[in-house]
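Student: Spelled out from the first residue to the last, the chains are:
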Amino acid sequence: MPAPPVDLAAEIARLKTYPFLAPLADGTLKRLQPNLIERRYAKGETILRVGEYSDTAFYLKDGIVEIRMAPAAGAENVPRVAGARAVDGGATVLQRTGGQGGLAIQAVQRSGLSADGTVIISDMPADLRPGHQTLVEPGELFGEINALARYALSSDVIAHTDVVCLAIRTPALRALFKQPELAAFKEQVDNRYRQRTLGAHLRQVDLFAGLSESVIEGLRQTAELLSFEPGAVIVAQDAPADAFYLVRGGYVKVAVRTGAHDLSITYLRKGDYAGEISLLLDEPWPFSLEALEYVELVRIRREAFQQVVESAPAVEQRLWEEVVRRLKERGAALRNPLASQYLQMAMDTGLIHGESVMLIDMNLCTRCDDCVRACASTHGGTPRFIREGNNYRHWMVPNACYQCSDPACLVGCPTGAITRPLGTREVTINPDVCIACHNCSRRCPWNNIIEVPFYSPVVKKEVDLPTKCDQCIGREDGPACVQICPHGALTRISFKDMPQVVRTFTE
Amino acid sequence: MSPIRLDMPAALRPKRRDWFVAFVGLALGGLLVFVVLDVLYGWSPGDTWGLIFGGLATAVMAIEVLYALRRRLLLKPLNTGQAWLQVHVYGGTLAALLVLIHIGFRWPHGLFGLALLLLTLLTTISGLLGVVLQKTVPTTLTSSIGVEAIYERIPEMVADLRAQADETIKGASDMLQRFYGSHVQPALAGPAVSFAYLMDVHTGRERLVTDFKGIQSFLAGEDKTRADQLQQLVTRKMDLEAHYTWQNVLRGWLLLHVPLAMLLVAAIVAHIAAVWRY
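Residue numbers (our numbering), protein chains in the order written: chain A, 1 to 507; chain B, 1001 to 1278.
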């Protein structure tokens, strides 16, 4: 049955009832409206699940939501996201949030909160401890960091009462942040990121892990938060040294100009940084930075950076080591431009997202298909990959899940059937929960989720169930395909380790 | 002075040097024992040492049989598939040598003994042929042929090319239609295993180019484009057929090796039973 036509005027009028959207022109709202959806949740209903990747931020209009952090019973239960420091559990706390509404949330039980006992949940508008919960009141925005920077959710978000909220999908969220009328709203969101997340984020970067509170505080106060669209030049080569950049989301290409072309040296991803070379040497940028996709950055100005260097000799030492490493990398790329083609290929094809990409050496592979048979026998008779794919030199990248660092397939699964437990690498689909809506297979940019006939206990009929390589999770000897290959033709490689990738492809 | 380096052809170069060294060590050890004992006391398959070597050969061959079970995943995975294959290759070769030592490097008496020896040698040689093929054919497939295809899907892919060609020829001139019937359709038939591809994976290309060049001079407008597209389809089909032929070779040698190995196992069982009985 076709969806009923949308009454645009009514829809825009409804959106205008949200205070933060009120300054926007009708035309803007009309354009954004498909990605701004009012949703209602009954008391007890789950809005977001821990470990999920979400492409939606939520603005709470009515009702109260509860943010629950998993108990710290074991390390495996403790969310490991930017900003989350695991501490022992304690009494349940419902505590005040410093949100837009400004009202206090009453403390129901409060005990045992020590100065360092509070875990900062990077992606939620509240401070939490494992095993505790926090109530969030109307006027708050939550989930925006996950949507923008593609972090896994650190906690469950559940409707504490009946709830009305505005679901803002990522494209609309990016567009909203660009509206001049919403500058104050953006500033407020950025401020909260500075207060709640940036400190933890900085501490998660090895380089800054040992900095004192006061230095971190100084960085927090002065850091700027920047967003870039795909293809945008963040810093041009030879630009004056003016800032240090920390990546909080997306991928950044680092390239050096050679003749009429750019030669890729490396790429940066979440947690990586750049700018130390030009700042320490007081030289113009020796390479350029370009956004490969939507990129979120933290910009630390030269003065603040200098303070860090002066206050922490260990950091300065690390930075100098990094300078040497990067300049070596740059020199190696310039000396051997052919090696750079694999990096460029990885960036062009999206392989840089791969945490564990299957490669087959076709000079060794006898096409015996023992790998496919081994996969099938490990997975109830159905293989989870197809021995077909793109070839680079004598290597094939078959259609097998790359176990992406930011898995797009995990976004929007209606039943939570596709998951990656926090701190693990393998993305798995639970067939007992999957309803075969194909959301994940449609979202996979590499077509690595294949569908096979399966009797679903959920919908009680035969469906085309999405399946994917799970690296034989739980199998003692690791992936069966790699183990079984009689010619050692199969390997798995992380595209995080670019030198290893180049070595593999050029050997 | 730099050490002298002997470069082996890639097909003969051992994948695992340690396995090769162990194999050579065991082989030389066995030969040494045989030579010493033969010189000192003489040698007979029925003597203690002859029987010991026969027993060793049987034991190694029993391990060889396990590889077949392992490939069919009937055994719990132990170590890697690569290690199993190395054991199979070196073990098989060693077993043949042990058999030769067992019979004292002399022709056996009787027809059965001769058959047993021949089966041992043929099985080993066919196995080693497989090793050479497995080391050389993949490189040929990867470096010389412009396509990669799953063997079972090749007929389907060729059929798809035929369908594309049928679609391309629609609305073409009589001249091109006739050329299509006489040259393109036969060239798109199959796929069939062709010995010519074993000699040269690009066999037939020059003739194809000449034929298409010849017809191009009689064509005009859209027909020229059609002819180009048809040439690409035929070229792709030839690539697929070359792949098909070579993949057949990779699979086909097993049709030689496995029946021989099965016969050998049966013959060994009969031989042991006969020795035990008589």
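Bear in mind the hints are in silico, worked out from the structure with no lab data behind them. Please read all numbers here as calculations on a predicted model, not as lab measurements. Warning: the hint list may mix true and false statements.
Claimed, not checked - Chain B regions said to be covered by chain A (calculated; three or more residues, Cβ under 8 angstroms):
#1 1147 to 1154
#2 1171 to 1185
#3 1199 to 1208
What the hints assert, rightly or not - The list that follows gives simulated cross-link-like pairs (lysine to any residue, SDA-like), each with its CA atoms no further than 25 angstroms apart:
#4 B:Lys1135 with A:Gly488
#5 B:Lys1135 with A:Pro445
#6 B:Lys1135 with B:Leu1250
#7 B:Lys1015 with A:Ala175
#8 B:Lys1015 with A:Gln500
#9 B:Lys1135 with A:Asp361
#10 A:Lys61 with A:Glu11
#11 B:Lys1135 with A:Glu213
#12 B:Lys1135 with A:Asn363
#13 B:Lys1015 with A:Gly412
#14 B:Lys1015 with A:Leu364
#15 A:Lys30 with A:Arg335
#16 B:Lys1135 with A:Glu11
#17 B:Lys1135 with A:Thr506
#18 B:Lys1213 with A:Leu364
#19 B:Lys1213 with A:Gln500
#20 B:Lys1135 with A:Met362
#21 B:Lys1015 with A:Asp361
#22 B:Lys1135 with A:Gly412
#23 B:Lys1015 with A:Glu11
#24 B:Lys1135 with A:Glu507
Said to hold, decoys possible - Negatives, chain A to chain B, calculated, CB over 12 angstroms:
#25 Ala22
#26 Glu52
#27 Thr170
#28 Pro240
#29 Asn363
#30 Thr366
#31 Arg367
#32 Arg373
#33 Glu388
#34 His394
#35 Gln483
#36 Pro486
#37 Gly488
All residues carry an ideal CB built from backbone N, CA and C; glycine is no exception.
Student: Hints the structure violates: just list their numbers, smallest first.
Tutor: Those not satisfied are hints 2, 3, 5, 7, 11, 13, 15, 16, 18, 19, 22, 23, 29, 30, 31, 32, 33, 34, 35, 36 and 37.
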